[in-house]
Amino acid sequence: MESGSFPPKFWKPGAEAPGASLAEERTVLVDESQSTPYVSNSCAALSLEKQRQRLPVFRHRNHILYLAEAYQTVVIVGETGCGKSTQIPQYLLEAGWAKGNHVIAVSQPRRVAAVTVASRVADERGAILGHEVGYCVRFDDCSDTRNTRIKFVTDGMLVREMMADPLLQRYSVIILDEAHERTLHTDMAIGLLKKIQKRRPELRLIVASATLDAEKFRDFFNHNDTKDCSKDTCAILTVQGRTFPVEIFYSTSAVPDYVVTTVETIMKIHEHEEEGDILAFLTGQDEVEEALKDVKERARMLANQGLKVHMRPLPMYAALPHREQARIFERTPRNCRKVVLATNIAETSITVQGVIYVIDCGFVKLRAYNPHTDIDALLIVPASQASAQQRAGRAGRLRPGKAYRLYTEEQFEKLPRATVPEMQRSNLSPVVLQLKALGIDNPLRFSFIAAPPAQAMVNALELLFALGAIDDDCHLTEPLGMRMAEFPMGPMFAKMLLESGNFGCSEEIATVVAMTQIQNVFLSPTNQKAKAARAKRRFAVEEGDHLTLLNVYEAFMKHKKNSQWCHENFLNYKGLVRAVAVREQLVRLLTRLEVPACSSEGDSDAVLRCIVAGFFSNAAQFHYTGNYRTIREGYELFIHPSSVLYGEKPPKWVLYSELVQSTHHYMRDISAVDVTWLLELAPHYYQQGTERELGAKRAKLLAQ
DNA sequence: GCCAACATA
Numbered sequence: 002m003e004s005g006s007f008p009p010k011f012w013k014p015g016a017e018a019p020g021a022s023l024a025e026e027r028t029v030l031v032d033e034s035q036s037t038p039y040v041s042n043s044c045a046a047l048s049l050e051k052q053r054q055r056l057p058v059f060r061h062r063n064h065i066l067y068l069a070e071a072y073q074t075v076v077i078v079g080e081t082g083c084g085k086s087t088q089i090p091q092y093l094l095e096a097g098w099a100k101g102n103h104v105i106a107v108s109q110p111r112r113v114a115a116v117t118v119a120s121r122v123a124d125e126r127g128a129i130l131g132h133e134v135g136y137c138v139r140f141d142d143c144s145d146t147r148n149t150r151i152k153f154v155t156d157g158m159l160v161r162e163m164m165a166d167p168l169l170q171r172y173s174v175i176i177l178d179e180a181h182e183r184t185l186h187t188d189m190a191i192g193l194l195k196k197i198q199k200r201r202p203e204l205r206l207i208v209a210s211a212t213l214d215a216e217k218f219r220d221f222f223n224h225n226d227t228k229d230c231s232k233d234t235c236a237i238l239t240v241q242g243r244t245f246p247v248e249i250f251y252s253t254s255a256v257p258d259y260v261v262t263t264v265e266t267i268m269k270i271h272e273h274e275e276e277g278d279i280l281a282f283l284t285g286q287d288e289v290e291e292a293l294k295d296v297k298e299r300a301r302m303l304a305n306q307g308l309k310v311h312m313r314p315l316p317m318y319a320a321l322p323h324r325e326q327a328r329i330f331e332r333t334p335r336n337c338r339k340v341v342l343a344t345n346i347a348e349t350s351i352t353v354q355g356v357i358y359v360i361d362c363g364f365v366k367l368r369a370y371n372p373h374t375d376i377d378a379l380l381i382v383p384a385s386q387a388s389a390q391q392r393a394g395r396a397g398r399l400r401p402g403k404a405y406r407l408y409t410e411e412q413f414e415k416l417p418r419a420t421v422p423e424m425q426r427s428n429l430s431p432v433v434l435q436l437k438a439l440g441i442d443n444p445l446r447f448s449f450i451a452a453p454p455a456q457a458m459v460n461a462l463e464l465l466f467a468l469g470a471i472d473d474d475c476h477l478t479e480p481l482g483m484r485m486a487e488f489p490m491g492p493m494f495a496k497m498l499l500e501s502g503n504f505g506c507s508e509e510i511a512t513v514v515a516m517t518q519i520q521n522v523f524l525s526p527t528n529q530k531a532k533a534a535r536a537k538r539r540f541a542v543e544e545g546d547h548l549t550l551l552n553v554y555e556a557f558m559k560h561k562k563n564s565q566w567c568h569e570n571f572l573n574y575k576g577l578v579r580a581v582a583v584r585e586q587l588v589r590l591l592t593r594l595e596v597p598a599c600s601s602e603g604d605s606d607a608v609l610r611c612i613v614a615g616f617f618s619n620a621a622q623f624h625y626t627g628n629y630r631t632i633r634e635g636y637e638l639f640i641h642p643s644s645v646l647y648g649e650k651p652p653k654w655v656l657y658s659e660l661v662q663s664t665h666h667y668m669r670d671i672s673a674v675d676v677t678w679l680l681e682l683a684p685h686y687y688q689q690g691t692e693r694e695l696g697a698k699r700a701k702l703l704a705q
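Note that my numbering gives residue 69 to position 68 of the first sequence, counting from 1, and the numbers run on in steps of one.
Rather than coming from a laboratory, the hints here were simulated on the basis of the structure. Predicted, not measured: the structure shown is a model, and the values here were computed from it.
Derived DEER-like restraints, expressed as beta-carbon distance ranges:
id	residue 1	residue 2	range
1	PRO417	GLN565	45 to 53 Å
2	ALA556	GLU95	52 to 60 Å
3	HIS311	GLY603	53 to 61 Å
4	VAL261	LEU168	51 to 59 Å
5	ASP226	HIS685	42 to 50 Å
6	CYS230	VAL261	51 to 59 Å
7	LEU168	ALA96	18 to 26 Å
For glycine and all other residues, C-beta sits at the position ideal for the given N, C-alpha and C.
Please build the complete structure, drawing on both the sequences and the hints.
Put into structure tokens, the structure is as follows:
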């Protein structure tokens, strides 16, 4: 079928042909970090050296090396597929940047990317992973202090490393890959690296970013205060990608219900377009399941009518059991079209092979922190232009593709150019604690590339003060505050862990904390919801979710970490394995910080009291209206339906470790507590704080 | 009756 003839009425192609001024938007590549080492058979026949030379970035090799000599910072706009992530570190190595025991670091937002790119580079160099080329991510250090010259790390790990080596002396070059994603850790690293550059002018920084942010990064890292460009310390270089064009189709009118239209568009493509898999972006699990059900139904009808080409609709989202996630990677028979209905997980984290058609609903579900209420919300908001471009690019991997946007071109023009950086929509208490530990005494004056709301900073300082991590003068306390910063989790969890020795239950608390770090412990497959709920109830205890999680962990260990047992009990096996690793790490840390290893031997009050010691500020009281109220502000809170306390006799007082606003303010991970514990364990928080005193405290924090 | 996606010696 000819391009542009689909479907005659509903869609119109964009005004300009691909390759014109909008080429940048129309021609997008897949994320190279996700690509398999050997792209096609014809490539496999080539020597590794030839393959390397064929990459678009190769033409810029000398220029890149020149810029790295001449400028402290180089911003590389590397379109996906140009080979930047794998090649630039090697160019630098070959040019001698790793001499004298120096290391070239490449930092990625995601673990998988760090590991896969590292192994690709090791392959290219004929090296064993972990020797000359290695990686270091949480729970998995595959590097060698003496021999590793190129080290791939996650952004979080890079920030962590600064705690031990504040000037990152081991490194001669740091490459921040995918910097345009603007994760919390990337933004922290950006600000911290700017500070390091002042002390270490010889350190080189390479920021790999999308077009949109290049100038922002350049201006941020340019230490030249004069108008004389020859004194610039930062330069931009653009490297074209290698890709197939993706033709964009916009809706001709506003779409009232994008789930319905997604289904219709899938069916139209399936009936009228040539073979090729479809990837549709929706915002959440519910939408994916709803659309999936409709697509399946309509596919059955078509099959009954005798349509020869079959369809295999598949869901994809993070909470999906691993076995079902894996189905999107299975090959389909020749006359069968794969249709993947996915959340944003398919935008960066997972690449579905063989996608030719992309459907973009134009929305995304984001976490947004409200600094005025101090509450996180999960909101469905319009996606950004950058996000739309990334989604469309998912169609251009195999051959020229098509992207159907379920919004008009006018609507597209009005979308924000980029997603708001995570730093500006997060609770900052972990960030502030970590910055303090890294010697940033006044986080309000930290050189953020995008400053967060001042109120968010104030809230963070207030919480840290209430937990005893900072003192009246906003200085990190010794040893408590410093120790809290060592934990790879939020300050409330850290406080709870550090107190656990005093409550005689460090064993249990380590388990509870590890378990709360796992998402989707309990699985609930769409067709076995009731069965899954019954399985969950077998672990539930009246004390609430924290002790229920403790039960699950102990049962998992009792059954020798058996995956079949998890499957039978609707438990997330991979998550539990991760909980074991998290717990081991926490126990090591507790030992180092001399918190005694001890068990409360089944005394649940000890564990609950210890939870109060960390989470006292997250308390809520049952209200006669049938839900809960926060103590200070009186917000109306609800028990999340995933809690074991949901639908049970409501305890008078509860503590929660997470509060998320969606259709209501929902508390998740809840425990029943005794109100006297609150007064006893957090008197400074519950007995002294009149509104006036608190206001004064706030003002003092703001003045810092 | 609800569950974007990542990440931390």
